[in-house]
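Taken in sequence, the protein lines are chains A and B.
For the first sequence, my numbering gives the first residue as 1, with consecutive numbering after it.
For the second sequence, my numbering gives the first residue as 1001, with consecutive numbering after it.
Everything labelled a hint here was simulated from the structure, so no lab data went into it.
Don't take each hint at face value.
[Stated by the list, open to error] Below, a list of computed lysine to aspartate or glutamate pairs in the DMTMM-like style, where the Cα atoms sit at most 25 Å apart:
{"no.": "1", "chain 1": "B", "residue 1": "K1332", "chain 2": "A", "residue 2": "E173"}
{"no.": "2", "chain 1": "A", "residue 1": "K66", "chain 2": "B", "residue 2": "E1412"}
{"no.": "3", "chain 1": "B", "residue 1": "K1413", "chain 2": "A", "residue 2": "E9"}
{"no.": "4", "chain 1": "B", "residue 1": "K1197", "chain 2": "B", "residue 2": "D1367"}
{"no.": "5", "chain 1": "B", "residue 1": "K1612", "chain 2": "A", "residue 2": "D175"}
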Amino acid sequence: MDFSQNYFELFGIPKAFLVDTMMLADKYRQLQKELHPDKFANKSASEQRLSVQFSSHINTAYQTLKSPLLCAEYLLELADFPVNSHSLTIDDSAFLYKQMEWREGLADLSAEISSPSLDVMSTTKQLEALMLEVVDERQQLLESFEAYFHQQKLNEAKQAVAKLHFVEKMLSEIDRLEESLLD
Amino acid sequence: MALLQIAEPGQSPEPHALKRAVGIDLGTTNSLVATVRNNRAETLSDIDGRVLLPSVVRYTQEGVVVGHEAKAAAAIDPLNTLISIKRLMGRGNEELQNQEKQFSYRFVSNNSVVPHIETAGGIKTPIEISAEILSELAMRGKETLGGELDGVVITVPAYFDDAQRQATKDAASIAGLNVLRLLNEPTAAAVAYGLDKQDSGVIAIYDLGGGTFDISILRLTKGVFEVLATGGNSALGGDDFDYAIMQWVCEQLSTEQTPLTVEELSPEQERELLTLSCDLKEQLTDKSTAVISYKKNDIELTREQLNQLIDPLIAKTLLACKRSLRDAGIDKADIANVVMVGGSTRNLRVRQNVAELFECEPLVDIDPDRVVAMGAALQADILVGNKPDSDLLLLDVVPLSLGLETMGGLVEKVIHRNTTIPVTKAQEFTTFKDGQTAMSIHVLQGERELVSDCRSLARFELRGIPPMVAGAAHIRITFQVDADGLLSVNAEETSTGVAAEIIVKPSYGLSDDEVTDMLRDSFSNAKRDIEIRAQREQQVEAERLIEALSIALEEDGQELLSADEFKALSLAIDNLKRSHNEDGADKIRAEIERVNGLSDAFAARRMDNNIKKALSGHHLNEFDNTSL
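Kindly generate the complete structure, drawing on both the sequences and the hints.
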């Protein structure tokens, strides 16, 4: 296996944002059917070692292309414009303001959940409304990333990725809160 | 014209002959072994026709007994009769505190992190005790199949962490078994139901055994099972039902004058009451009222009362199911099938609750005690090479996140739970002091953010980092989880390429030295025995290699190797063939290494060929007939 191939070449699919997930999954399963360690359980030690390496590599590639955020970052990396998620800054005050509002909403809901007078129905509804709003924002950001990347406006594309990071974090916090409502 | 092959005496005469492989379900309460014969998985029974082997080991001065005979002695000899030992696998001494009430053995305090138990047969670890059970089952397999086993698949709860998996693999190596794969129990059950024959769909596997609970959500597409999410509780099972009933029984036996609490029971009393409690539970499977008698007291338990006792335990399992559905991103309406596994799913209350949660009737056609072993046998048959055309592939996941301790006692996750295995992931760290040459690394498993809330797997010391200013060193730490779900960790200073020396201290596992010591002990300490065993192990390895490479060379040696390469590799294989019949372990090992070294490039080219095949969507041999 040529580890210098990019993930798109590895799967033999065109380089693009938001790849055809059905086709990707299909190629992924075909590759694993040939390379997974289970196919080498009675083979030589060298083949077993290689199979673990290859199969891991395919798993990583699949996870990357499957996730819109990871795929966006990967495309920027391939364009020699890597994103360091720890040192990303956002210079869009409207977005930052919106994000603060979400956080306040989340904190309020979190307080409601731990209060003794919790109304599960109404809290669940509010949580879902918040989630829909954030999901909507994510969709817009993905679309703008695609447009910027297509136009080779890499700085703007990078900004979209930075915002997507915030949005994903927000979604996972909403998720965690929703899970605590289940208990 | 094809050349006829004449096998040398003592070598496997027919490389395509069926191999002997079994699947072993190493359970908390009972264990089983199964194999595939005439394309069907069947569980193997002992001479008395019993399929279940109680996972009970009794040590006496005369020797060791495993199974029914040991179980029968549990009440009279509780200190030397070890039950539910699976619960101690991969557990540390300090972790025993919570479970101590359920284990009234004589634990020895020593320096090891692994619990040691004093028995009439000497001091034993849970790993050695499990090895006895594995040996007993392997023996059953050998007798049925008429010879040494080529390989085994051993099942583990999907929720087992790294230490518990490693302990299981160590037990197999002490029992002298060639482990083809550690397979997750729920995945095995899905295979046993032949669900891979269906076209596609999402399946939930609800596995409530004696001591563990697992829930897995799988997606099936054209023979490939992808585990989407797995969850559960490695310390919750039918034993807890019995324990809850026993507590209730004690309450019934208490009077104001003579109160009776579980804490005050002697080990013998406790065993007896537990057996009676289990009896009550089993009676209620097909009756609405059950009665036992203890010291002339009749105790009656109704099904409603039983339900009240076990409902809180069932509720815990349902919560885990909901979590896994969320993790998998699956709506319960999308679940096509629910498979029931484990003896405790015979309980009607459990079935009813599961049916309500998933809104579909669970599959219970295959005996829930046997289904895992049967699936393991089917997978063993494939892995050992008996079914080269099989389309079945299992893509399993890491059950619990793996991470490293960072500043402030926090855990930085490196591999998240439910990531498909095998997986390799690297993370870079740096030094925080000028001239720092060592770094201590702590590997953890779990979902929580604080180190104290996660399970410690190992501690590493990295030494030999070249002295640099703070922050200049790039220490790359690589986690690799293999297809057995076992973790290995590597470290390297990337700016200079110096591989740092690693000293591993498994937090709850045996060190390599301890495993070697146990192996030695299991061979009556005779030096000659150890040599013979080492030689035998290398011979088996050599035979596997010779066979694998002979087939590979035949398939595409001409195509992928130059004439010189082909000659060199063939020569090395011939040398190994000669050596492996005559020489000692070290010499054979050296020959194996030589062959491995020469075959690396060949292996890589074969893999590349596989990739091409996969992406073109055709097998090369499809074109064989048209190439002329």
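Query raised in the report: If you draw a straight line from the CA of K1197 (chain B) to the CA of D1367 (chain B), is it 25 Å or shorter?
Result: Holds. K1197 (chain B) to D1367 (chain B) sits at ~20 Å (cutoff 25 Å).
Query raised in the report: Do the alpha carbons of K1332 (chain B) and E173 (chain A) lie within 25 Å of each other, as the hint requires?
Result: holds, 22 Å
Requested in this report: Would you mind confirming whether the straight-line C-alpha gap from K1413 (chain B) to E9 (chain A) stays at or under 25 Å?
Outcome: violated, 29 Å
Requested in this report: Mind checking the alpha carbons of K1612 (chain B) and D175 (chain A) for me, to see if they're no more than 25 Å apart?
Outcome: violated, 41 Å
Query - Hint consistency between K66 (chain A) and E1412 (chain B) [alpha-carbon to alpha-carbon, up to 25 Å] - result: With a Cα-Cα distance of about 23 Å, the restraint between K66 (chain A) and E1412 (chain B) holds, given a limit of 25 Å.
In the structure shown, a violation is registered for the earlier hints numbered 3 and 5, in ascending order.
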